[in-house]
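Engineer: Start from the sequences, fold in the hints, and give me the full structure.
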Amino acid sequence: AERIDEIADDQQDLQQQVNDNHDQFAERIDEIADQIEDVKFHQGEDNQTGNRNHQQLLNQIEKISAEVERVKELQKRTISHTGNRGDYCLPEVCTYIADCIGDQRDDFLQRLGLQVNNGQDTKELIKNTPWPDIKRTLITLGKADIVDWIKGNTLITQALFAASIMLKQNKVKALINHLVDQPFSLSESDVCYIPREETYVNLSVLKSSKVEEEFTNSDRETMMKLEHMKLESIPMEDLFKKGDEIVVVRGSGGNGKTTFINMYDLKWAKGELKTDIPIEFVFSFACRELNTVLHGVKSSEDLFEKFYPEIFKLITVADLKEIADRVMIVVDGVDELQDIFQMEQKSTSEYHHLRLVQELIDPKGVLLPGHKTVICGRPKAAEFVKCSLKKNIIKTVVICGFNPENVAEYIEKFFGENNEKAERVKEEIKNSHNLKVMSSVPVFLWIICHIFSEELITKPLTSNTELYFYSCLVFLRNHSRINNGELKLDLNSIVNDETILKSLYSLMELSTKTYMENKMVFTENEIKSMPFGLQYQDTGFITKYSGIGVSSEVRFQFSHLVLQEYLCSLYISITTAISPYLSNRELSSCLPTILGIERMRKDKENSLFITFFDNLTRLYTTTTPFIQRASNWFQSFLFQKYMKKTIIPQSMFHRNVLMIDCNQPVCKDFLALLYEAKFDVDIPFQIESCRVINCTRDDDIRNAIYLIKKSKLPIFVPWKMIRGKSLTLYHSAECINFIDIIYEGKLSISETPKLMNCVINHTFYDKHMSNRPQKVNYLIKILNIKTFVLPERMMKDYVLTLDGSLECVSTIDVIYEGKLSVINTPKLMNCVIDENFYKDFIIGRSEGVNFLLEKLNVRTITLPKTLIPNGKLLSLSDSEECIELINLIQDGRLTLSHTIRAVMLPNNMIQDKEMLVIDDTRECTAVVKFLFLTRKHLDICLEEGQKITTCLINANADCDFEMVDAILQKIGIKTLKLPEYDRSTETLKIHSSNEVREWKLFLTLIQTGRYIFEDHIREVIVYSLKPSEAAGMESLLDCLNIKSIEYLNFNPLEKIDSDMIQLISKKFLGLGNHKTVKVSIGFTDISTIIFCNNENHLTLNYADHKDFANLHQVLFDNFIVESIYLLYNNTDILDNQNIEIILDVLKYSVNNMVDTCVCTPKDGPAREFLKNQKMHDKFACMIY
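Residue 381 in UniProt numbering sits at position 381 of the sequence shown, with consecutive numbering throughout.
Fair warning: there could be bad hints in the mix.
[Claimed, not checked] Dumping the calculated DSS-like pairs for lysine-lysine here, alpha-carbon to alpha-carbon at most 25 angstroms:
#, residue 1, residue 2
1, Lys151, Lys274
2, Lys502, Lys602
3, Lys298, Lys321
4, Lys668, Lys436
5, Lys143, Lys321
6, Lys123, Lys135
7, Lys668, Lys380
8, Lys839, Lys929
9, Lys678, Lys604
10, Lys321, Lys306
11, Lys274, Lys242
Everything labelled a hint here was simulated from the structure, so no lab data went into it.
Since the model is a prediction, treat every value here as computed from it, not as a measurement.
Structural biologist: Spelled out as structure tokens, the structure:
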């Protein structure tokens, strides 16, 4: 009874807390709204950036409001389903029991101590009975099936229901807190704090089903094979499927594991995760937080109460056992768990905290038998944990970061509407192999986007260390402007700013202290204990840690582990204080970055970094006590000794070969160190070549190539690839590695026996050839191989068969690109094109197929059945596939193997069932050529109802005259239609000077005398005619028997000449020289002359004066000017050449007494100029 009362009181307290939180969130929303004007003020004169930040804040408020409404909705559900007794059954449970108890109802009620009342509903009678009593009674009565159904399909009690809702509610409230508390950047980089849901992109993973189907252990061979499996982006719903007990999510640092898990948790809480298994509770535990409490708890049950105190005021772990199969426990960051690697030598029973974690995650343990588990961490730690859970069904999902499509999607989401910056980052990544490799790691892409969003970096980034360095500066630059919105520091100012450097130095010391203690979460007091003090909110490196339960104290963490590692490495490099950490495993993680820093310091190529490093060193020296500095010589000695770990490991030498095996951790780590630090390597004299295996990741390939080039060793051709005198490509990791590395690195090859030809095994085609024709060709070229062996499947019954297989398509590409000869055994007589090849692969390959046919001396071809539906009629279409095939036949002068009698024209060449259209399309050109070549033995067939009597020759048609003429005669066409002719107005339009030449086909056909055109031309409009084209235009108009032009527009970029004057006189005016015209003269952006015949109006617009400054004078000399309209403004009068033209026009007007209207602004130099010329009273003046 006391327990029941406690639960009732707790529920009332929680209800009040929900209401209070809702009020607090509403108040905080109003506060953020008030910040908008402050943000706009801080932006200064940059209105565009201010508007973006303004909109960002509005979006943030809208998102917070939506989440608050979600909390309120969850609150309503809690109130409607819960009463005052937590162990009472839910209404649906009572209903189900009432429906299923049957004739045992009375006995059931009596055993429960309830009065049997036939007139009262059973569910009403039992609704106030605790579940344990009901469960015990049902089992006693042999109704265990009812109990099983209830446990499998409901949350049973009101307490469990309320706890599930509250858990979801708390997770959404945590999101609201995150959105409310997060800072808004006032820098130009307005994309730093987009909510994570807005930028989340699905990660690339190894398909988990394949992992478990094909491999059962975790040895190095398995991991190597996993590297070759196809990567794909999977929906979150597919992470945990029906039948899974444990899912291990593993991946390298920065690949997005934690983000993936957090998003899974959040989507579950918001009801957006549609899984095929019911999940009612998700309890997440971060190992970085477990480290702070594990040694202080006695049992795994205590962990639940420690992390989720509100939930376990309503229920107990024993309550969860009833629905354990619907409980998921997530443990993130197992690589950060203290002493995790001790599991390699000792049992977890010797480590209390490790035993607690194992009990937490083991579905076959006693804590919650049958619950679901998700374990997340870096590969080595994940494998250790898996080994301790061998009795369970374990599925492994390998997070592999981003594929190229993910990278593009993330960049677009990161920059939002700023497409220009997004495209710039994409281009930078596309043009840099290093950035391409780095961008596949989500945290690196996050850093890259931050760096390039500032547009401050002009030099290519060559290493991860350099990437970290610039990200460090950009973060400091962004956040240094929060306190002073007008301050805009460049990078050089940052590395010389003592205040900023002091804050950074504090961060470096804090990161070293916490990282070397494997401590990922720290308090505000620990931050304040650092030298110089630290305004954490001004840096961007530190964020609030949004943990659950455990502690009411505000705690912090670094934005990402890689930033913590970088700052730690920087501190050790500057202080050389390495001796306290020599026994730490964490130091080995920092070694690549430390070596990278040392390389940048010694190379002195990056002057900005040298200044940065020297200033930090000076800060360390001036603030460190003398006694501590006195021991620096010893620290430096140990530091330099540690740096000598850069010698090539002896395990990489095998006799006279340098063996590069990226499945060997020693080798993989050395390659990473070498690339990052770029130190010299000494190769023993007896080493003659190198061999590469198991290098499938982009970074491994890059690092291996760097070592090979650095060592100047030729690469060894795998002996399995050499069979007799043939280079054989087959499905193996070594073969694939070899091809990729040779191509990417453009490496030399060690001496091999003379190879005569290349043979490709079908397994290589099926699994690896799709993206490797160029790489195979490169290998063939450097080995000086001239001959290729055709696959057997392409030679069936003395016929070359082109099908839709990857084997066939790749063979064509390799032979054509490499211009190889082909071993033709047996002698092939004919080529058959399969339907699949025709539909999917022929486009762009006609030249390649023709090359292959020539090499095989095959001159006969069998077409796909699609083109010959009845065996005798070739049905052409306007599809790309058909046109490609036509080009193949005619370019190769091939003979058809069919008894074809006629050919049917494509529908796009026939208009209104009576007119043939000859245009400038690729399809038309190909068909015309094909019809011409086959005209002697193929008839042209028309569809029923078609009767072609005319032909429209497009003005741009570029077909050969002889071909078109022959086809028209074969069809019997005598009448041509004019191009660009408007029948409704009887107007012919000629759009550009180039079209004068393109009318050649039409004119040539007319001039043969075999064709006529019936269109009546009432007027002609000519656009944009150059003076140099005037003669050709006149010939065209004469040929068409056109007496005058209605409208003419040309661009006088050339000097006007007699031909243009003649054209204007004869065709425009129609009456020869000295026709009376009206003239308008002005000054515009584009120089043009426009004639309108029906109004006798000439318009002259000046923009450039190089070759036609006197054009107005030429026109005055050749025409009688009836009136002049002159327009100029205050800016036109500032140009001396414009003044000369204006004076010429005015003088001509006065001397020839021409009616003139001058239009100028009312005030300003334009009107003053007219007054100064004392001509103000001589013209009609207009003011605008």
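Engineer: If a hint holds in the structure, say so; if it doesn't, say that too.
Structural biologist: For each hint, the structure was consulted:
no., hint, verdict
1, Lys151 / Lys274, "21 angstroms, holds"
2, Lys502 / Lys602, "24 angstroms, holds"
3, Lys298 / Lys321, "20 angstroms, holds"
4, Lys668 / Lys436, "19 angstroms, holds"
5, Lys143 / Lys321, "20 angstroms, holds"
6, Lys123 / Lys135, "15 angstroms, holds"
7, Lys668 / Lys380, "14 angstroms, holds"
8, Lys839 / Lys929, "22 angstroms, holds"
9, Lys678 / Lys604, "13 angstroms, holds"
10, Lys321 / Lys306, "19 angstroms, holds"
11, Lys274 / Lys242, "13 angstroms, holds"
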